[in-house]
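2 protein chains.
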Amino acid sequence: MNPRIVSLVEIKNVLNRFDPIPCIEEGFVIYSQGKVEVPPVGEMVFKDPPGDVHIKYGYIHDNDYYIIKIASGFYENVKLGLSSSNGLILVFKQKTGELAAILLDEAHLTNVRTAAAGAVAAKYLAPRNVQRIGIFGAGIQGRMQLTYLESITDCKDVIVWGIHQKELDAYREEMVSLGYRVQITMKSLEIASTCNLIITATPSETPLLSVDQIQRGTHITAMGSDTACKNELDTRILQKADIVVADSLDQSLFRGEIYKAVQAGVLKRDAIRELGNVIQEKELQRKSEEQITVADLTGVAVQYIQISKAVVKALNI
Amino acid sequence: MNPRIVSLVEIKNVLNRFDPIPCIEEGFVIYSQGKVEVPPVGEMVFKDPPGDVHIKYGYIHDNDYYIIKIASGFYENVKLGLSSSNGLILVFKQKTGELAAILLDEAHLTNVRTAAAGAVAAKYLAPRNVQRIGIFGAGIQGRMQLTYLESITDCKDVIVWGIHQKELDAYREEMVSLGYRVQITMKSLEIASTCNLIITATPSETPLLSVDQIQRGTHITAMGSDTACKNELDTRILQKADIVVADSLDQSLFRGEIYKAVQAGVLKRDAIRELGNVIQEKELQRKSEEQITVADLTGVAVQYIQISKAVVKALNI
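Quick mapping for you: the protein sequence lines, in order, are chains A and B.
If you read the first sequence in the working numbering, its first letter stands for residue 6, the second for the next number, and so on.
If you read the second sequence in the working numbering, its first letter stands for residue 6, the second for the next number, and so on.
By construction, these hints were calculated from the structure, which means they are not laboratory data.
Positions of the beta carbon are idealized from the N, C-alpha and C atoms, including for glycine.
Accuracy of the hints is not assured; some may be wrong.
[Stated by the list, open to error] Here are the simulated DSBU-like pairs of lysine-lysine, each with C-alpha atoms no more than 30 Å apart in a straight line:
(1) K314(A) <-> K52(B)
(2) K84(B) <-> K84(A)
(3) K235(A) <-> K40(B)
(4) K98(A) <-> K314(B)
(5) K40(B) <-> K84(A)
(6) K98(A) <-> K17(B)
(7) K98(A) <-> K40(B)
(8) K84(B) <-> K52(A)
(9) K17(A) <-> K192(A)
(10) K314(B) <-> K84(A)
(11) K17(B) <-> K17(A)
(12) K84(A) <-> K128(A)
(13) K52(A) <-> K17(B)
(14) K100(A) <-> K40(B)
(15) K52(B) <-> K318(A)
[To be verified] A few chain B residues that don't get close to chain A, going by computed Cβ distances all over 10 Å:
(16) Q38
(17) S90
(18) N91
(19) L93
(20) K100
(21) K171
(22) R177
(23) Q220
(24) R291
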């Protein structure tokens, strides 16, 4: 056994050599076709200092690899000058069990697959004519969600919402240097009134947007909410929307925006469309520039399976 | 994150620098004290070609590390000239989640922890005067169980049972070169009639020893049976035994020899002693050269936690 050990630097390099968006898009289709096996997540929780570890694993039927992904969050690491999140991905050959590669990605591939999923959602649901892009959250995903939209829309006008002036200033500086025209704000209304493509990328537990703020023709991708507690959208936005899409129907009934709306009784289960089906069936995609659409992304295992496979392939492992 | 990648060669080297037996012994004590956390095992099963993957993980409370161990068996690998078993162990820091080491042990540490457990059982349960050692199974464990007894008994007389002449010849040649006097046999009776320390290390699903063959004063360690189907001992041997010991009381009720005997109604749950308690309490150990004792080892997660910690420590990671 002689696995290839791949550092974060090497992973970032190889990500310049292929486009993760079609690879993630293909993953959603395969997932909705029922070809992905995802056993229950393994968990360890520590109390002192507080930390949690998640072991996610799975594979696509009759494929080259199976994947085991380990990620941890130890929130007091910051005091020690260390990153709070750690992670790696193990890629094994599905026909022999041999370990092909160890991707020491430090959670970067999770960021990439999340940003790529946002781009896929926008590709099939955003209005053709994007006037301005509104981003909630000035963190890593607030940046990556924007840059990953580059191949989906020509729009370079952006307004970003945050709660810290310093963070917003840093965001603006960085994104302006990449060619965007960036306005910063601490008022959510300013986003809803000027943008028809909105991405929420915060850990908020109370809604950032209310239903009366949303204009006709707007598409919203909510990707911050991946637990039963987090909540970025007023549930009535999902009630009002013409199209509501989940990355995983099964998961969306237990976490995120759709979970909240179904619980509140304003959204019916059979009204929800799954992203893999939306990609495949034109009937399920946006039909006019007037429709309001919402995509709720909670993160699906097939995404890290696809991105890991793509990295391994690009490195000729 | 800059984990130390440790090859099998390096692992084998470092194992010459410390004794795994006390480290495994300490593990059983910690386990019986209830200080080990072991979540349910993760599993993936493949059909074509057939293969299975197990993810075991756990930690000792308030300790330096947590461990994730991945092992697979792909039984058609032999056709490709590859080992059917693959495995590695990941060692993470319990206070920060940082990956400290990747032990590419290819299942070797599982062999070591199993052999060391056999030595611990013999240390507390074997008669003082070992006349001859009987080994069932001429495979890797049949070898390692014997060599790991070196620090427990001076006895160098061995008889080994197997089902393939070639395998038995190879076993004899190798063990004679290590200074043992080795007889080989295909008849189990020859073992029971001449040995008072017997180790069963086979994947047998039918008993290898019957109750009337066992002499007074014999200790038997059954370590081959780690599932509900495998079975190396006539259940009446456990009925007749003065002392029956499990590495894990909980596990022994679902797999191995004790499971079979409890199912058959010849052994009561409250008669079973746990190895970690036997180590700590002299009252629970062998009391005379006449007693018949049985240790049933099914394998406990604390063993790979302990052996991995010891390797990491010995390498100054």
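Hints numbered earlier in the text: which of these fail when held up against the supplied structure? 2, 3, 7, 8, 9, 11, 12, 13, 14, 17, 18, 19 and 20
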